[in-house]
Each structure stands twice: as C-alpha cells, then as structure tokens.
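Novice: Starting from the known structure of chain B, fit chain D onto it as the hints suggest.
Below, each chain spelled out in residue letters.
There are 2 protein chains.
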Amino acid sequence: MKMLVETKYFSFDEKIKLENGLEFGPITVAYETYGELNETRDNAILVLHALSGDAHAAGYHSEDDKKPGWWDSMIGPGKPFDTNKYFVICSNFLGGCKGTTGPSSINPATGKPYGMDFPIITVEDMVKVQKKLIDYLGVKKLLSVAGGSLGGMQALEWAIMYPDIVRSAAVIASATKLSAQNIAFNEVGRNAIISDPNWNNGDYYGNELPARGLALARMIGHITYLSEESMHEKFGRKLQDKHHVDFNFDVNFQVESYLRYQGQSFVDRFDANSYLFISKAMDYFDLHEKYGSLAHAFKDSKSKFLFITFTTDWLFPPEELKTAARTIMSLGKEVTYCNIDAPFGHDSFLLEFEHQSRIISNFLAGISTQP
Amino acid sequence: MKMLVETKYFSFDEKIKLENGLEFGPITVAYETYGELNETRDNAILVLHALSGDAHAAGYHSEDDKKPGWWDSMIGPGKPFDTNKYFVICSNFLGGCKGTTGPSSINPATGKPYGMDFPIITVEDMVKVQKKLIDYLGVKKLLSVAGGSLGGMQALEWAIMYPDIVRSAAVIASATKLSAQNIAFNEVGRNAIISDPNWNNGDYYGNELPARGLALARMIGHITYLSEESMHEKFGRKLQDKHHVDFNFDVNFQVESYLRYQGQSFVDRFDANSYLFISKAMDYFDLHEKYGSLAHAFKDSKSKFLFITFTTDWLFPPEELKTAARTIMSLGKEVTYCNIDAPFGHDSFLLEFEHQSRIISNFLAGISTQP
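Line order of the protein sequences matches chains B and D.
FYI, in the numbering used here the residues of the first sequence are 123 to 493.
FYI, in the numbering used here the residues of the second sequence are 123 to 493.
One chain only, chain B, in its complex shape:
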C-alpha cells in the first residue's frame, strides 16, 4: 500500500535578515511531514534536500503516482528514518522552485516574478527559513538534521547555528566548503543558462524558457554525479539502437541519449533562475572562511555527527569530510565517519541503501535512546 502524503504550505510576513545584509520577505515554505510529533516534541528529524530536490522526500501524492519522493527508500515505517518513531520534516529550500519562495515567485512589490531581483542567498539563509518552519511546527529539539550534498551543507550549518536545538547531524556526500573544481562546473552551468538568448536577464516567465541553457547545465551536472566506473558499467561504449556507428551527428552512443534525456526532462521540472541562485549558494559555502576556521565553526556545537562519503564520489571526494571529522573530533566531539564502497559516484547518496540504511539507523537509535 502506498503511503499517501501531501505538500503543505507555511507563510510568514516578517522579513528575515539575509547573510548578504538585506532584509527579505514575505516567504512561503512548501513542506511535508511523515510520522507524528511526540508529546515531548523531541522526536523530529529535519531532512534536507540537494540542488534539484524538493519537499517531497517520501511517499506518494496520489495512488496514480509512479515515483515516490526522492528519499523514499530511507523514510517510512521501519526504514532508517522510521516514521513509527520519528517525526520527519522536509521542506523545499529558499530559492527553490517547488513551492518555497524563489526567483519564480511573485514579487509583491511588482506583482511579477522576482527573476534576477531575487536576492543572492546562502546556505545560512536556507537554514534560517527552515528554523521558522520548525518553530511553526512546535518542534523544540531536532533529534537529527540529515541530508546529502547541498543537503549535508545545510545540516552542517544547522549544527553550527542552532547548537541548542540540533542533537545530531547526518552529513552525506558533502563538504565543509565547495572545491574549485565544483565552482568551475557550476560556473559553466550558469554560463550555459545566462548565454541562452531566451534567458533574457532572468525575465523569461510567460515567454520561451532558456531550455537549451538549462538542459546543458543539467547535462554537465549529470556527468559529475556519476562515477567513471558507473558510467562505464551503465553505458560503456554501447550504441543507441544500432549495431554499428553510422558516422553522423545524431545520437550514436547510449550515454549521449541518456544525457539528452536528462537535460530535456529537467527543463520540464526546474526553473533556470533557481539553478543560478542555488548553485551560487553552493559556491559561497565555506565554513572555514565564514567562521575563521573549521575548529572555530564547530566549537559551540552540541551535536553528534555522522559523516558518510562514497569511495567513487569524485565531486565531493571522501578526503574532505574525513579531514573535517578529524578536526571536529579534536574538539572532543563525537563524530562517526564512514566511507562506503559504492560504485555510483556522487549519486550514491540517492542510490546506495544497504550500508547507508544500517549506518543511519544505528546512528539515530544511538541518539534517540540518550537523554
């Protein structure tokens, strides 16, 4: 039987102060919850999504839905984020295009979509908005904050910004700062969007979309999400619907067909301006720079940490979180670090469940049985 869920909305009028110094509001937050908040209001877990994710982390919106939420294998009754025990919350982050205020939302000052008038946001700003949601839901303590990739960055920022609320943080396939190579890939993706004539300085809503640019950005992204190994396994040099190369510029190899499909389908479900703002938020993420040093960043945190990396993740190489784990450990704090041998590259956090499930279940059990 399918677990049916619905996306809910929460709005607040008071402005929040963004990291860039500007005040911004009003803000609507799209979110979903799974399981029930207990009487002591301390069994809540906040799940945080990555670049192209949304609030729909688990279950189905209707019986007809073919695909469940993006982390359905991890969230539900008896699953690692066990909805029989925990109250799991997931919200679309600030700047997104799946119900939470972002560049495609209407700017009340003009009655038109914000477009490039949307403010530059950071991971800190995303977290601040999530804090408003947590307060609104009456949650006192977060048993855990958890997410992969950009979701892991939010989890780290949560543990730093709200040390009295966050009891634990599960940070997966992520980093304490974005690398030069990742900034470079993001920059090329942004350039693909911005150089699409349909982008029109971000003012394309109601007109033709910068579809070619956004598709290109997504194609680049997809290559980086897979490992060379998994690409080889998945496609090798296999030809698309033919036995011999036919010497033309049509799709020759399966990997080409896959990328074109991924690029095109992304255009149907994602907003190009959101891509710009969110990828910038990732670029700006650097806990070392922001807090002076990593040790200084985590000095007041009361959270226990679980850091998970994947051997074939070349976009967020294991070494980075491993080093961070050592730093946090040297502060006398509890950190579990696991490097999972999985072939799927960065996407492993969405594809590898056997080890991830066991590790996360045990980690959460350890937190929930402690006072």
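Hints are not guaranteed to be accurate.
Identical chains share a label here; the pair holds if one copy fits it or two copies do between them.
Dumping the calculated DSS-like pairs for lysine-lysine here, alpha-carbon to alpha-carbon at most 30 Å [said to hold, decoys possible]:
#, residue 1, residue 2
1, Lys-139, Lys-189
2, Lys-139, Lys-188
3, Lys-364, Lys-421
4, Lys-444, Lys-356
5, Lys-444, Lys-234
6, Lys-139, Lys-444
Quick caveat, the hints were computed from the structure, so don't treat them as lab data.
Only a predicted model underlies this, so the values are computations on that prediction, with no experimental measurement involved.
Specialist: Leaving out everything else, chain D in the frame of chain B:
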C-alpha cells in the same frame, strides 16, 4: 635566439577513401618541419597534435611572436625530439581549422565553406592524410610517431596501419578507446555549440559565430584537462580582485575568471564546426571494436611502444594504457610503460617536461641506434 619556422602547405587532388566509405578530396595539408631529413631518409619523426593543436609544434613564426609552438619544450636542438639528429614533422590534421582542409575550408563543389557538408572523419582518416604528406616529403621510414591525447590515438593508428613504416610510437596521456565519460563530456560540448542559435546548422561563416556555444564547450574541456589537485593549487577558493564575496552574479572566484577567459580566447582561434567533427572522431576511436580486439589490432605491428600516463589525469586514466601495454607485451612486442607523478591532470603532457623529456630522449636514442 629564436628558432624561426614557417608553415608550409601541400595539396593533392586525388580523393582518399574515408573510413565511412565516402571518397573525399582535394585536400590541403598545413605542416611544419624542424631539422633535416638525412640521406637514408630514415631519421623522420612525426609529431601528432591534440584536439585544439595545429602544425606549429615548435619555434617561432617571427621574431615578434611571444609564444612558441605548442610542444616547443620538447622539439629543438638538444631537446628530446632533437632537431640536430631528427627530422621532425608536424601537420594540422584533417578536419582542423589551422590550414588543413576542414569544415571551414571552401567546398570546390559549391564555392562555399563545407560546414556540415564536411564528411564525418575518423582518426584513421587523419592518419591516411598524414601518410600522403610523409610520401610527399620522401620519408621512407618513421623513426617515431608521437603525440598526446588525440595525438596518441593517431600514433597508435599509425603503428597499426603502417607496420612497415613505423619503427616506434610514443603514446602519451591517451587511450585505445574513448571512455563513456569522455564521450559524455564531448556530447555536452557539442550540444553547447549546436544549441547556439548562431550555429545555424553549421552555416555561420561570414555571419555571427556561435561564440557562446564554442566558449562553453571549451570551458567544459578546460575543467577536464586539469586535475582537482592542480585546480586547487592554482585557484583554490581565491577571490577575483576582491577580499570578500560580494554576493552577485559577476565573477567571484578566480577559477570563474580563468574559465571565462579560456572560453573567450578559444573563440578567436578555433572553428566551432571543427570542434564538432574532431570531437566526433575522438568518440569513434575504439581499436578494440575496429580490429576485433586489441591483440588483433597490434598483431602485425613492428613498432616499439612507449606509453606515458600521468597520475592525476582523470580524463585519460593511467589504467587504460597500462592494460593496453600488457596486451601488446603479451604479443611479444616491446612496450615501455611509465606513469609519471605529475599534478597537472590531462594537461600534464603539455606541462610536465622533466620526466617526459628524459623518458622520450632515452626511448628515441634506443630506436635510432638500432638498425
């Protein structure tokens, strides 16, 4: 004192039979030579360039030139490709845009540039055209064929196609087939060009160029040519002309500035259609498929091989040529395999000289002193 050289041209009217079955001609070849062909006509070395290279491998075209040819550190008096001993030849390959017939050349049938009427070409076709040049220059035997990346693919094809002419092949930062990941990066680069409205199905000569698309393709390429390590060393998260991020969509980080510059400057010197055709030739390169197996491909080769890879080259990982070396060795042929510890990623073949020089000098000395 600068070694002054000039680019020469050789044309032939008879058509060559392309790997795709079509006949193609006439063809002009741009080439340069360094050193002198000896009396026995057997001291010639053919140097083969990579995707964006040209015939100008060494020396200067004029006293005013600031930059020498692309492999000047390797070619010249007393250098590994020692022009006191060897007669070094380099030509722009078929499909290029630096003097040899390519998509931007005039199609004699129409009086206009070929554009997309240029035939699909392969590495085999490039080699066939080079063979015409070698014959024209009166070279009987090639002491060596040598090149990095796509240049290495040509060297491998030379050793297979002309076993009685090629005495040795130095194959650097290359592979016996292009990987799925490389095809994927090429496909995104081609899509960037093709989706640029100025591309106009390849018919843009004399009009606005598909500059945005070509710049994007080059930016993607540049990320793949560098290692994460070298990017980190070179740029890290260093800001461009500022001390703090200023929260906007201008260039924030040095790596962004570098990529934009590389993209833009490529547009001034390279033809977008050449990029399409050459990257396709790379995609099609697969000696395993073409010859049934790698062992079968090399069974008649009389060449000695030098395979050089670089530890941080993730675009052409060392393992591929290492495995190929084993296969060729198992045929009882002489193969030297060196994996050089260098931080520059794929670009190491253009940047690392200390080890490369010594290894190539010794390899060539070994060939030239044998009968």
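Novice: Hint by hint, note whether the structure agrees.
Specialist: Here is what the structure says about each hint:
Proximity of Lys-139 to Lys-189 under the C-alpha cut-off of 30 Å is found in neither arrangement, the shortest distances being 37 Å within a copy and 51 Å between copies. Within a single copy, Lys-139 and Lys-188 get their C-alpha atoms no closer than 40 Å, and across copies no closer than 52 Å, so neither meets the 30 Å cut-off. Within a single copy, Lys-364 and Lys-421 get their C-alpha atoms only as close as 59 Å, which misses the 30 Å cut-off; across copies the closest is 29 Å, which meets it. Proximity of Lys-444 to Lys-356 under the C-alpha cut-off of 30 Å is found in both arrangements, the shortest distances being 29 Å within a copy and 23 Å between copies.
For the identical chains of this complex, Lys-444 and Lys-234 are neighbours neither inside a copy (45 Å) nor across copies (59 Å), given an alpha-carbon limit of 30 Å. Within a single copy, Lys-139 and Lys-444 get their C-alpha atoms no closer than 33 Å, and across copies no closer than 56 Å, so neither meets the 30 Å cut-off.
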